[in-house]
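Make one complex out of these two single chains by using the hints.
Residues per chain are reported as follows:
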Amino acid sequence: MTRGTGNIVAPLPFPTAARRELADGQLRANLRRATHTIRDKRLRLVGEVPDWEALRRSGAAIKDDVLARLPELLEQFEAAATTAGATVHWARDAAEACAVVTGLVRQTGSTEVVKVKSMATQEIGLNEALAEAGIAAVETDLAELIVQLADDTPSHILVPAIHYNRRQIREIFASRMPGVDVDSLTDEPAALAEAARRHLRAKFLSARVAISGANFAIAETGTLVVVESEGNGRMCLTLPGTLISVVGVEKLLPTFRDLEVFLQLLPRSSTGERMNPYTSLWTGVTPGDGPETVHIVLVDNGRTETLADPVGRQALRCIRCSACLNVCPVYERVGGHAYGSVYPGPIGAILSPQLTGPDAGANRTLPYASTLCGACFDACPVRIDIPQVLVHLRQRGVDARRGRPSAERTAMRTLSWVMRDRRRYTAALRAARRGSAPLRWTTGRRGQVRRLPWPLSAWTASRDAPLPAAETFRDWWAGRTPPAGRDDTPGRTSATGDDNTAGRGPVTAGEDDRDHG
Amino acid sequence: MRIALFVTCVNDLVFPGTGRAVVRILERLGHTVEFPLEQSCCGQMHANSGYRAESLPLVRGFVDTFTGYDAVVAPSGSCVAMVRDSYPRLAGSDPGLAAAVTDLAPRVYELSELLVDVLGVTDLGAWFPHRVTYHPTCHGLRMLRLGDRPLRLLRAVGGLDLVDLPGGEECCGFGGTFAVKNADVSAAMLADKCGAVRDTGAAYVAAADNSCLAHIGGGLSRRNRSDPGPGVRAIHYAEILASTAEGRS
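In order, the protein sequences belong to chains D and E. Oh and the first sequence: position 376 is 394 in the working numbering, straight run, nothing missing. Oh and the second sequence: position 37 is 23 in the working numbering, straight run, nothing missing.
Chain E extracted, bound-state conformation (with noise of 0.2 Å):
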């Protein structure tokens, strides 16, 4: 099977370990991962914004990169559901874009459904022990529908205990260009949600999508100038499930 890693721009420039932790991830697993240097953006932040003059050019670029890939994984929950859910209706007005997403959007997983659907495995052989709470967003939640695979590869993750995050369905606050149009009302989502996580005890909160995860973590890191508290610290799950015993010597 050709797997490609869609990495996103977003990791490839500020979070490169997430990208780094899904090879490594794969590459154990036996399989052989392809980044095609094409890639670029989704465009999500154009679509969702209003511009989709401006996303149009993306959502080809996009296309034209990974058509020929059995399977396209990125570990980013609302970058897939852009070009599951967006994608058609972006494409709408060209019948030759419009085939080309209906072709290959369903080929185009978040890193849990590639690897609990497709490739059928939970347990990775990871360890990681801390305690960690698992903060499902919006994107994965609502429009990908990943229910319980990436807890269930969490649980399965040696010395890692799991903490429930109570209300952990509600949004963190962030929302693309919400976070700074609306910079008060996601501040004020923000800070209940990094409530919610310290109370959890957890040493780490974890995601599958790293813009939430950058507004989650800058909120717990802000807090602990002030207030040091328990510490807890953002994490993208792909890096948990990429670390092993034998890395920690």
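For reference, chain D alone in the conformation it holds in the complex (with noise of 0.2 Å):
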């Protein structure tokens, strides 16, 4: 089994990454107006579906079939591609699919190719490939021109320049759109949208060569999925003669009937639509209508790696909809690029590491960049439980490092060892609340410490810490008059008490806010 390559190999631990992205006010700004519009549009628009969670279920029942039967509908689709027309290649990672796709573009003699937005040629590195061999490839979606434009990188996986605001799209086309008039350019979207539509138009007219990826790939009829928004994906798979197109394997759909769920799933989940504008479906080659010429090339990349995994192996459900990274609260805050991915968010955390495998870069840090608070398993329409990979991940790298010596694994074992012993952990909380004790005298009312020593002050570095509570639960347990239908704390507020009101300051009636003065 081969390893996967490319851009999906985090290049710094994803807290040192993601507190560089904190620093950008800006752009936390751009991300949570962005990120909560299409979220309300999702959350109305799956609304309206009576069905919905059994949509859901069909579509994770169709993609595990897929997964189950991988090999044996891989060969069906090649066989019937094949019959229609176009030549199929295999890849095993992305250094070869860069190879197939760089030599068959160099066949052609062209030196410009145009491109539909494509999760895969990001994922395997395709611009910087061709790029080398001396080919310019033009990104045609609005969004990965913008991106492209600014020599930046993708930061969503479907709006990649989601964390640009359209006064910076502004600048970018004043400053790098070969021959925009720049003084007519305002940054209203309608104005943004024409100065790109000029600027592509010419290359569309002009190109020879376009490259796809697929949405989906039908293995019964050999047929190539595109879902987009713009209609320019469509120009690029309609007016060059020939097609290239990267499909990762787990792309397949058993049969052409199956579309009818993943074509309600995806718009609703992505984009937050009923129907997205354009979705172009062909079947290798059509004489007199679209290009002559039809390669698809089909990588693994890492997947049939991922497909070893009994747990792992359902982020390769996935069909790229987003709907976990908008509704991520830790994409909200650091964005896309503090993941090192071309994958980010929830997704990107389970699968990058999984197609790597967790020695590459610092993909084994982004399990941890979850506090598993689930909403993208609610969101995700194929029902990837995101969560429990994460814990899965998790897992795996903590049995892979058993031999190695780690304060974090001391901790963790001298824990469940106290705690599975009903002397050992009496006599450990009581140790707690007793070491705890000269503290108390210098939190005042509060009850609360603003410094700890390391590893505690992460936690006091940005909030007040509680401290164990006068008295614990089984001490008082123990030392109270069992009742018989009586109060058994006459006067007070509550149970509550003279400690730790859930160790935030005293909840006595009349003593309101002292605390705070």
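Read the hints as simulated data drawn from the structure, not as lab findings. Nothing here was measured: the structure is a model prediction, and the numbers come from that model. For glycine and all other residues, C-beta sits at the position ideal for the given N, C-alpha and C. Heads up, a few of these hints could be off.
[Stated by the list, open to error] Stretches of chain E that chain D covers, calculated by requiring three or more beta carbons in the stretch to come under 8 Å of a beta carbon on chain D: (1) 0 to 10; (2) 24 to 31; (3) 92 to 103.
Laid out in structure tokens, this is it:
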């Protein structure tokens, strides 16, 4: 089995990269506005569908069936596509895929290609490989074009330029777009779209080779499907004489009819639309209509390796809708670049380390980039239990490093050893209470500590910490007189009493707010 | 009905008032609460951090301690979610333990589930004359699907003015070891949550999980040091439900 390579390896540990991104206030504001807008649209549109849960289950079941029969379905797809006039190529990893595509473009003699927005080509680093071979790849998706002109990398699966606002986009166009009329260019969306349209129209009319990915590949018929909003993809798929499509092996659906489920799930989950504006389907070559030469490059790049893990393999159900990114509170704060992979957000945190294996770059830090809040699982149209896979990958990481000494492992082991025995546990509670008692005098009525030593300093860097209570629950329980249907502490506001009311100051009526004076 | 209290390790040590509140609520309703002293920790931190082997003895301990009871109640959405959602997976390779988990897990309730679903009460005769906002913690919201149960209980409290928390369903940024491993992101999420809480004008932010509340309350307390402002305090909703008018005299 081959490990995945390409633009899916985080160069920096997630906490380090996240700190860098958090420092950018403009980025935070842009992300917040954009993710909340898409989030609200998605919720509204999903709410219209009475059988949404059944659709999700169908989507998951169809994809699981694909994963269970992958070799058979891939061969079926290859046979059907070949019969229809396409040429099918196979690539084990990013380097092989890039070599195949570069070779195919070279054969045409073209030095420029137009591209349909595609995650697979971003994953394998195709633009960089083509550039090395002297071939210019022109991104035609508006957001990809913005990112390409800015010499930046995508930060979102669906909206790669989500980290920019329209003022920033105007600046990028004004300074980087060849032939743009700077004086008449405003930051109105219509003006920006018109500038991109003029720029791209010339490219569409001159290009002889187009490169795409595919949202779905139908095993039964050999058909590829691209779902998009702008129509620029349709231009690429129909105008040039040669079309090369780079497709991950997990993109298969068994039958044409299965599209019925996914064409309902995908637009609602991704853009919050009932139906996307352009859905293009093609099956090999149709004489007199569209490209005369059709190539399909099927890419593994770590997918077979991922498939071998019974828990982790559900990540391969992903249809790249990005609903999980838009609802993720971590993604919303740090953006896509913090994940160091073309697959950011919750899905990226489980996909990148599985495709590459945990030892690539800092990918082992990605499964910790989550509070396990579960918003991603709720939003996922194919029911990928992302929190479960995150925990599973953490566990795989811990198990793989069992032999090596680690302060965290020692702490976890000790804590587990203490907690599994009543006497040890009770003694530890008492020790914690006594040990912290001197601190109690420093906290005043607030009951909160401002500074704790390492490693708890990571907590008190940005929030106060509660102290152990003056009396543990079990000590209170041991000392109480069992009630006979009466109040055991008359005269109190609540049973909560005199120490930590949830550790954050007493709640005795009449004393309200004194601890904040 | 034999009701056992699983107080949770965090509450036992740091927030015993929450445990006392649960006892008081249930005894006021005429039930006898038992507190098996063998209990310690559900193992959530170990399991969620990837230490499955270290969590398993705690899973076994929990099952052994609570198997004989008709109902087990815990004032913590995340600990109950650990038992109901993660125990079956953790126990998977041990058929005996898996069977015991399958038997016990459905009888382990978060407080609002026990009160509303099992005991069929929402009005507990409580009195708490303050403005309160409620943060539905992630595990209660999305794993246990507590829905409006805690809110129904709070709405029945005398004198209480319940105000909506905008963006309430968003995580506060605690996430167990996440708060330490990804401290900067956690702090950014916390700042937004504290801002939303303060904007409600509430005197208290209530929730069903003291670990999330320690994080939110710690953030509010830190902010109050530099910007005294409205002085919102964090409180477990069980402590509100346990408060009575008689107690105020």
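Self-check item: Earlier hints that do not hold, by number
Solution: 3
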